[in-house]
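There are 2 protein chains.
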Amino acid sequence: MSISFDYTNALGFMKDSEISHLKNFIYQAHSWLHEKNGAGSDFVGWVDWPILYDKDEFARVKKAAARIQNNSDALVVIGIGGSYLGARAAIESLSHSFHNQIGQKTQVYFAGQNISSTYLAHLLELLKDKDISINVISKSGTTTEPAIAFRILRNYLENKYGKQEARQRIFVTTDESKGALKKLADKEGYEAFVIPDNIGGRYSVLTSVGLLPIAAAGLDIDQIMLGAKDAYYKYNNPDVQTNDCYQYAAVRNILYSKGISNELLVTYEPSLRYLSEWWKQLFGESEGKDQKGLFPASVEFTTDLHSMGQFIQEGKRNLLETVLQVNSPKIELTIEEDPENIDGLNFLAGKTMDEVNKKAFEGTVLAHIDGGVPNLLVELDQINEYNFGELVYFFQKACGISAYILGVNPFDQPGVEAYKRNMFALLGKPGFESEKLELEKLLQK
Amino acid sequence: MSISFDYTNALGFMKDSEISHLKNFIYQAHSWLHEKNGAGSDFVGWVDWPILYDKDEFARVKKAAARIQNNSDALVVIGIGGSYLGARAAIESLSHSFHNQIGQKTQVYFAGQNISSTYLAHLLELLKDKDISINVISKSGTTTEPAIAFRILRNYLENKYGKQEARQRIFVTTDESKGALKKLADKEGYEAFVIPDNIGGRYSVLTSVGLLPIAAAGLDIDQIMLGAKDAYYKYNNPDVQTNDCYQYAAVRNILYSKGISNELLVTYEPSLRYLSEWWKQLFGESEGKDQKGLFPASVEFTTDLHSMGQFIQEGKRNLLETVLQVNSPKIELTIEEDPENIDGLNFLAGKTMDEVNKKAFEGTVLAHIDGGVPNLLVELDQINEYNFGELVYFFQKACGISAYILGVNPFDQPGVEAYKRNMFALLGKPGFESEKLELEKLLQK
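So the protein sequences, as listed, match chains A and B.
Note that the working numbering has the first sequence beginning at 1, numbered continuously upward.
Note that the working numbering has the second sequence beginning at 1, numbered continuously upward.
If you are wondering where the hints come from, they were derived from the structure by calculation, not from laboratory data.
Among the hints, a few may not be true.
Just so you know, same-sequence chains aren't split out, so a pair can sit in one copy or run between any two.
[As the list claims (entries may be wrong)] DSSO-like, lysine-lysine: derived pairs with alpha carbons at most 27 Å apart: (1) K420 / K330; (2) K128 / K105; (3) K62 / K330; (4) K105 / K130; (5) K130 / K330; (6) K316 / K292; (7) K351 / K445; (8) K258 / K292; (9) K183 / K429; (10) K316 / K258; (11) K351 / K160; (12) K316 / K15; (13) K441 / K130; (14) K358 / K441; (15) K358 / K163; (16) K63 / K178; (17) K420 / K358; (18) K445 / K55; (19) K358 / K436.
If you're wondering where the values come from, they're calculated on a predicted model, not measured in any experiment.
Looking at chain A on its own, in the form it has when it is part of the complex (with noise of 0.2 Å):
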């Protein structure tokens, strides 16, 4: 077993036929996922991306990767959304808890993920006596968090290393042919890889968005596709009977349509906190549309047991759970006997802590169901790179078939516009004049 899905915790609030009932749409959803022929259906090359990716293009990275490796102390890597999340919730997944701090060839950095001048500054601080390089990742190049970073960057690049030097240094992921980044990148000569028109933000961790990055912080990107391509085989198979990704999707579309509206991922090691940051752009950009989907939120157990432990116990009954649970930690710690046993923790003298953290585990899905908290189980044997690219398939594909068995398109996101369309206005950018007064008006309200 690598991944496994499990809904036994959930049948206390819904009966195994109520997933029968929904066997022909997911077969319908299925069928536009790999016909191309549903909503959204320029935007399904991740489907087949684990077996048709370029391959050429993926020798490449890793090539690219070694250069950064031996030249360069840390890699800034600009980008946001979609452009952000896979990359650091892999490294921050499969790497050091301190992967910044201790036993990491090339630190890695994120900027262009904000617009806050503070944590820029500071970032820029930290980097000074560093060898850096920079990948910067934009489908437009334009887009304004990252294009702002990039041209700080850059020129803290140039006058570093000179022109010359700095075009070695910096490696863009853009369009295949058109838009700015691109057309920078061919004046300047920098090495570009490319983000597939076919696939979306939030679906292109495993293209070169996400790759390139994961392969400079020293991780196996071939085990990354391997799991991927493992899965892209397990999950292909249009029956929900026996598609633990398909039940996935059904499952909460079920619980959704009884009324729950949030969903919270739960994580039992804190190394996994920016895979939840990806789920939730994934499920909830995917999903968050038309007035409907479930609100994806995350927690982080025990920590959170201590914090929103007490809510989810007891709190309004509108939630449901999605544990995400590894079996097996990457280093285990034994609980030695105390003779004085103070604290009273004897009885966990010889046990490891990882036991301890799993009947926590046990002990809460037992209490929260009790609670009314139904619980859904995605389980690992353990977190590394094959298990990462089958749990992004894993998770990506469910996604997909949920979105359609909600009734909306998957794959757009009409929403994100608004917000920097008022920006752009505001901020005076040429062509959005009439709107500018407008907001304005509003607020001096």
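Mind docking chain B on chain A? Use the hints.
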């Protein structure tokens, strides 16, 4: 102005007169807090704390912090929930963005806030060549997570320094007179600080629980207490029409009563992440009971506008946003002109990044109101120690009032024991034998 509250952008979703209807209830809630005669009145010590706190202990905290700064490269803070989040919120909000890598005399790490052996083993590896001290924070001394971490770290310290010197490097924050940790501190002669009996964990950041780690991180705790004291007087007025803090409590209840189920705390600075986590515990644990309460979640903008933005703009309409906005950044960066302007950003040339961040905020508020999300605003002039103290008090008091209006006891947490009981039983803790069999049967189903 240091902090202000504005609900103008919720007025499309409610009327001013709805606040008036709550006037007497709020007067009542205010009186419960100040007269200490409402539900949970044994735990309202935090209300007068900013004027009544123990000045001798406060002076001892500063001396202990100075000692730690003098002899330790790193302080390990062991605690969970309310013994963890407040200190971390302060340290991350007020320090350098990369404070453990640059610019801090004594680094601060956290342990005992989870049961991950991988995390703790990695932390031990990181600490190997550093001189360290420990601050263990636990009312009872038997809470599983910190007790395990302390057993391991105390052992580590005694092996590294010998029992004698280790005693000088262990600081205990616990009950004044009883409990396992107090007993151990007395026996070993550890310097001990007090968790007051009448202040619950989530209201305790302004006691030694938060103050010792915060001071050890080099932050000015005099200013924090001054801000809290000024807040005590500022929000000490029972009239909701003129008390910003009570208005926040009123408005979120009004919106909840209309069917809003999730409140998102929105920030535009990544350093505020743990302030949001602290806020989530405060409100979630105070209100999430008796099958009710607003579910507290948090988003970091503009980062999450590229992940959760779609859902917030157009997903299921059960959301309320409370923006915690900081007017002046710690550091400014100016966007420079680029003669080639391939990225099209020259319309921003000469502007600071923070101006762009502010326009993103304004544009987002307008877009989200348009999308049907009421917006509340808590505004700070800047993020510094004084304002942190005021903000903590503002939220604590708003939370007490809000939970009373909701009709729950703001100061208990009856639901957090459920998972612990199950965990103890499954771990074979003496006294839980019959539960063990029962639970194991349930798990085998």
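Right, here's what the structure says about each hint:
1. K420 / K330: between (42 Å within a copy, 25 Å between copies)
2. K128 / K105: both (18 Å within a copy, 19 Å between copies)
3. K62 / K330: within (25 Å within a copy, 39 Å between copies)
4. K105 / K130: both (12 Å within a copy, 21 Å between copies)
5. K130 / K330: between (30 Å within a copy, 24 Å between copies)
6. K316 / K292: both (19 Å within a copy, 4 Å between copies)
7. K351 / K445: between (63 Å within a copy, 25 Å between copies)
8. K258 / K292: both (13 Å within a copy, 18 Å between copies)
9. K183 / K429: Classified as within; 21 Å inside a copy, 66 Å across copies.
10. K316 / K258: Result: close both inside a copy and across copies, 14 Å intra and 14 Å inter.
11. K351 / K160: Between. Shortest inter-copy distance 24 Å satisfies the 27 Å Cα cut-off; intra-copy 53 Å does not.
12. K316 / K15: both (23 Å within a copy, 25 Å between copies)
13. K441 / K130: neither (47 Å within a copy, 57 Å between copies)
14. K358 / K441: between (56 Å within a copy, 17 Å between copies)
15. K358 / K163: This pair counts as neither: shortest intra-copy Cα distance 54 Å, inter-copy 33 Å.
16. K63 / K178: within (24 Å within a copy, 62 Å between copies)
17. K420 / K358: For K420 and K358, only the inter-copy Cα distance (13 Å) is at most 27 Å; the intra-copy one is 44 Å.
18. K445 / K55: Neither: 57 Å inside a copy, 46 Å across copies.
19. K358 / K436: between (55 Å within a copy, 15 Å between copies)
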